[in-house]
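Engineer: Chains A and B are the protein sequences, given in the same order.
Quick note: the first sequence uses the numbering used here, first residue 183, plus one each step.
Quick note: the second sequence uses the numbering used here, first residue 1359, plus one each step.
Keep in mind that the hints were calculated from the coordinates and are not lab data.
This structure is a prediction, so every number in the text was calculated from the model and none was measured.
Among the hints, a few may not be true.
If we take Cβ atoms under 8 Å as the criterion, some of the chain A residues that face chain B in the derived model are [to be verified]: (1) I200; (2) V202; (3) R205; (4) R213; (5) T224; (6) T225; (7) E243; (8) S245; (9) L248; (10) S250; (11) M253.
Here are the simulated lysine-lysine pairs, DSSO-like style, with alpha carbons at most 30 Å apart [what the hints assert, rightly or not]: (12) B/K1561 - B/K1395; (13) B/K1502 - A/K255; (14) A/K255 - B/K1456.
Among the chain B residues that face chain A by a calculated CB cut under 8 Å, a handful are [unchecked claim]: (15) A1388; (16) E1412; (17) R1478.
From the three backbone atoms N, C-alpha and C, an ideal C-beta is built for every residue, glycine too.
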Amino acid sequence: MTCTEFLTILDDVLDESIAVETRTEIELHLRQCGHCEVVLNTTRKTIEIFQCHEVYELPTEVSERLHSVIMEKCKKVR
Amino acid sequence: MSTIQPVAGQDEQHPDVALVAQVRAGDVAAYDTLVRKYERQIFRIAQHITQNREDAEDVMQDAFLKAYEKLDQFQGNSKFYTWLVRIAVNESLMRLRKRRTGKLVSMDEDVQTDEGSVPRDFADWAPNPEQNYTQAELAEILRKTIQGLPQGFRVVFVLRDVEGLSTEETAETLGLSVPAVKSRLLRARLQLRERLTRYFGRKTPAVAPAAAAPNGDGAEA
């Protein structure tokens, strides 16, 4: 497996939707290629960081205010 | 903050189905439950697209209200959440259009770029690099990093990786093909990785001041 081939299936590797027969090839490539191993690990970490940390927080007071407005308007609709 | 919803089995009914039925039967309190369940996600998505706090608040209100008004049109072929996200994405794009005085805004904007499609920085990261920053600093880094992505990539990444929609749901929501979503997702992930490496990448070991010799041949730290 070449680095370009690895890159084309990187998403599937990250999403763990790789066919069993391809896994051995990937593991072999990663053992031989430090760059691809770094790209895989740091891309995985990138996704994890964005999933675990709030980029845009909705403060409770704003949430309560918006929530009241939404429900008030909904009650008027029906 | 993981918002990935538990996937209901084929025969298992998603809990939203019952709530939607209750709302249709006139139970407004059931809608209150749905709003509380998804308001943070909808606000985040709107903020990611509009990049404007006031617009995101308006989008959140309008999306929930529109969903309530049009609930009879909800077919139930998709999840309520996916349907709601689609409304929020459309409302967000409309807001952007208003800000840009009518200029067409689409999901294809700025995606014709090769930036980041091939990794260039191979510096490894320290374990848990985010721990070197305060929560506020980290949020700022993540904001700056994701704001720099072309909109067409950013929205795909947010829906698929942050908000937990499947590739198919993301495609359906944005009116894109599955291969287009996959291609944009890969490029978004790689660009974000590349940008975060500037903050989290291990630096080349510096010359320790005490060990540095005047002729510059000091030992590496």
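Engineer: Next step is simple, just say for each hint if it's right about the structure.
Structural biologist: Evaluated hints:
The closest approach between the C-beta of A/I200 and any C-beta of chain B is roughly 14 Å, which is over the 8 Å cut-off, so the hint fails. Because the closest C-beta pair between A/V202 and chain B is about 21 Å apart, greater than 8 Å, the hint is violated. Annotation: interface hint on A/R205 violated; nearest CB of chain B at approximately 19 Å, more than 8 Å. Using the Cβ-Cβ criterion of 8 Å, the hint placing A/R213 at the interface with chain B is not satisfied: the shortest such distance is roughly 16 Å.
Proximity of A/T224 to chain B holds as hinted, the smallest CB-CB distance being about 5 Å (cut-off 8 Å). For A/T225, the interface hint holds, since its Cβ comes within 8 Å of a Cβ in chain B; the closest pair sits about 5 Å apart. The interface hint given for A/E243 is violated, since its Cβ lies 12 Å from the closest Cβ of chain B, which is over the 8 Å cut-off. Annotation: A/S245 was flagged as interfacial toward chain B, and the flag holds, the nearest CB pair being 6 Å apart, inside 8 Å.
The beta carbon of A/L248 comes within 6 Å of a beta carbon in chain B, closer than 8 Å, and the hint placing it at the interface holds. A hinted interface residue such as A/S250 counts as satisfied when its beta carbon comes closer than 8 Å to some beta carbon of chain B; here the least separation is about 10 Å, so the hint is violated. Against a cut-off of 8 Å between C-beta atoms, the interface hint on A/M253 holds, since the closest Cβ of chain B lies about 6 Å away. A threshold of 30 Å between alpha carbons decides the hint, and for B/K1561 with B/K1395 the separation of about 42 Å lies outside it, so the pair is violated.
Distance restraint check for B/K1502 and A/K255: the Cα-Cα separation of roughly 35 Å exceeds the 30 Å cut-off, and the hinted pair is therefore not satisfied. For the hint pairing A/K255 with B/K1456, the CA-to-CA distance comes to about 23 Å; that is within 30 Å, so the pair holds. Taking 8 Å as the C-beta cut-off, the interface hint given for B/A1388 is violated, the closest approach to chain A being about 11 Å. Against a cut-off of 8 Å between C-beta atoms, the interface hint on B/E1412 is violated, since the closest Cβ of chain A lies about 11 Å away.
Hint status for B/R1478 relative to chain A: violated, with the closest Cβ pair at about 10 Å, above 8 Å.
The structure shown violates the earlier hints numbered 1, 2, 3, 4, 7, 10, 12, 13, 15, 16 and 17.
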